[in-house]
Amino acid sequence: MLTAALLGNPNVGKTTLFNYLTGSNQYVGNWPGVTVEKKEGFIEDKIKIVDLPGIYALDTYSNEEKISKEFLEKGGVDVIVNIVDASSLNRNLYLTLQLKQFNKPIILVLNMIDVAKSKGIRIDYEKLASKLGVIVIPISASKGIGIEEVKKLLKGGNFFSPLNENHYHYTDDEKENYKFIEEVLAEALVKEKDEGITIGERIDSIVLNKFLAYPLFLFILYIIFKFTFTWVGQPLSDAMDEYVLGGIVSILETLLQNSSHWFASLIIDGIVGGVGAVIVFLPIVMTLFLGISFLEDSGYMARAAFIMDRIMRKIGLSGKAFIPFIIGFGCSVPGIMSARTLESEKDRKLTALLVPLMSCNARLPVYALFASIFFPGNESSITFSLYLLGVAIAILIGILFKNTIFKKDEEPFIIELPEYKMPEIKNLMMNTWEKGKGFLKKAGTIIFSMSVIIWFLSNFNFNGMTDMESSFLAYIGGIIAPVFKPMGYGTWQSSVALLTGLMAKEVVVSTMGVIYGVDLHNLLLQHFTPIAAYSYLVFILLYTPCISVIAVMRKEFGNKMMAFSVLYQLLLAWIASFIVYNVGSLIFG
Amino acid sequence: MEIIITVGIVVLAAYIFYRSTKKRTKGECECGSCSSHCPLYEKQKNSSK
Chain A
73 MLTAALLGNP NVGKTTLFNY LTGSNQYVGN WPGVTVEKKE GFIEDKIKIV
123 DLPGIYALDT YSNEEKISKE FLEKGGVDVI VNIVDASSLN RNLYLTLQLK
173 QFNKPIILVL NMIDVAKSKG IRIDYEKLAS KLGVIVIPIS ASKGIGIEEV
223 KKLLKGGNFF SPLNENHYHY TDDEKENYKF IEEVLAEALV KEKDEGITIG
273 ERIDSIVLNK FLAYPLFLFI LYIIFKFTFT WVGQPLSDAM DEYVLGGIVS
323 ILETLLQNSS HWFASLIIDG IVGGVGAVIV FLPIVMTLFL GISFLEDSGY
373 MARAAFIMDR IMRKIGLSGK AFIPFIIGFG CSVPGIMSAR TLESEKDRKL
423 TALLVPLMSC NARLPVYALF ASIFFPGNES SITFSLYLLG VAIAILIGIL
473 FKNTIFKKDE EPFIIELPEY KMPEIKNLMM NTWEKGKGFL KKAGTIIFSM
523 SVIIWFLSNF NFNGMTDMES SFLAYIGGII APVFKPMGYG TWQSSVALLT
573 GLMAKEVVVS TMGVIYGVDL HNLLLQHFTP IAAYSYLVFI LLYTPCISVI
623 AVMRKEFGNK MMAFSVLYQL LLAWIASFIV YNVGSLIFG
Chain B
8 MEIIITVGIV VLAAYIFYRS TKKRTKGECE CGSCSSHCPL YEKQKNSSK
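Order-wise, the sequence lines are chains A and B.
With the first sequence counted from 1, adding 72 to any position gets you the numbering used here.
With the second sequence counted from 1, adding 7 to any position gets you the numbering used here.
Because the hints were derived from the structure by calculation, they are not lab data.
Please note that a few of the clues may not be correct.
What follows is a set of in silico ranges between Cβ atoms, one per label pair, in the way DEER data are often shown [said to hold, decoys possible]: (1) A/Leu468 / B/Met8: 55 to 61 Å; (2) B/Val17 / A/Glu145: 52 to 58 Å; (3) B/Lys29 / A/Gly630: 17 to 23 Å; (4) A/His593 / B/Thr28: 28 to 34 Å; (5) A/Ala464 / B/Glu9: 49 to 55 Å; (6) B/Val14 / A/Leu324: 15 to 21 Å; (7) B/Lys29 / A/Glu145: 33 to 39 Å.
Below, a sample of chain B positions facing chain A; criterion: calculated Cβ distance under 7 Å [to be verified]: (8) Glu9; (9) Phe24; (10) Arg31; (11) Thr32.
Every value quoted in this text rests on a predicted model; they were computed, and no experiment measured them.
Even glycine gets a Cβ: it sits at the ideal position worked out from N, Cα and C.
Chain B on its own, in the form it takes in the complex:
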């Protein structure tokens, strides 16, 4: 059971890390803290509509 949970945690963390790093290295900021100020955030928001 512990092994299964650990594998789940590792897969999730690796996926989030991959996605986040990919976004960040593209200059697609994922800082969250800028939110409504950020022109990038606006673009993402509009494109997701």
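Chain A on its own, in the form it takes in the complex:
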């Protein structure tokens, strides 16, 4: 089998080309750092395509560069497919020159030729090929133009054309290399028009403006929360609750009217109550991630990382660490894992400790449930405030750690700002559906099994079936409840939900769904005041996300770091929740 390594600068369309070539559906993002590890795909089981992480050069030592370099040296590569941005050849060809060192045939894929043409850039492909000693194929990966030619060439296996010689022009002198690139481009490239200031540059002058950048960033996020909680997600969720879940419950009540009371309770309160309480939040999860996918694909997310660099430096990290944080808003596990792309061990550890403070989407159903009951009409503001609180506390903890256990110097941050573009509907739908699918899978597995377990624990004790107040669950909750009393929610029900929430945060909602049953809304109002409810949400935001996060911390950093992360998050959650409840009670009575 022939092995082709797919390589290029970050955000030049490697993953899009990989998907076209292999028929795969890997995540495609309009921001650098999407490909963390190498991915493999196949063309008709004859050619193995390996998608390597995006890199600018092979002479620095980030993990991505190490992975790529090692693979080129030891991975049995037959041909290098070097994808470059045709509208930015000057910078992209530096890596091409370095790749020549490996003495492998190179297919230089010029992506985004449509963008280059719109910028008035005309490229003489033959001249470029002869000057560099590579095969050149122009494509537009996002539109599927030219992909077949790449496939045909790979399938034909004829890379050693007379053009593709192994002589290379790379030296250790960076200036010499750029001089050579300029000479090549002087002959092979003509810029027909001077663009002046582009639309992208005009937008950047606003979104990256020293004074406007942060307010605009917050405003954009707020609009996404409005979209989720006021305009689309919440109304859909309410409709699902009323018509779908309500309908299922009434059908089941009719069907089970002649059944035993305990059996009807297991089905309706246990399974439907537990799983249904979570599943009604599916529209909210999908809507929020539709908004975030839109930001990623439009090119704004890379700008967000850029403007966050200043804040990130204050906590001893570079803007690059913002990418694991953004991923952490989806789920802390990949967020912690993507910290691997950071250069230093200290950066990786500090990022992994802070990523769980970003509010993952598993917490969203808990926020949505409490916000709709205790703060009707202000759901988006309450949820938005929790997300911001997570970020603010991460900054404070970062500063604390930077000056104590992770003392280090600041490091430079290079990020390429991609072209703005209108997100493709297909990509947006694919990303949103991925989130929805994951949520449904979770509802059908862990949430279902936890609901059944919780129902049994809440209806049985050593003497058999009993009332809930004498059940195993009430006993377990009663032991830990005093710990939470100073924060205004020292009931066994709320305490045990925090405990079961360690399996997955959505289980907090399903636990309450099973315990309180169909009267969930009214009973929650009896057990919490609005301040206690907000204080409870702060605890949910900050304490250990789930056992997967604990396990991944252990896997990535060992037992000590795992224990430290769990303890510090529990302590932090307790202190913050305590402050919110007591200060809130003083202010609002």
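We have chain A already, so just place chain B on it with the hints.
Same frame as chain A, now just chain B:
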């Protein structure tokens, strides 16, 4: 009949719980929500091919 259905539900829930907990405690995330972003997810996907 009710007993048989209940036993079926309990066995299924216990099996899912066991499998899920085993995966999770190994650091093999099963969160679902990370899906295509997650390097672990990629590994699982490739190994299942």
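Output the numbers, in ascending order, of every earlier hint that fails for this structure.
-> none
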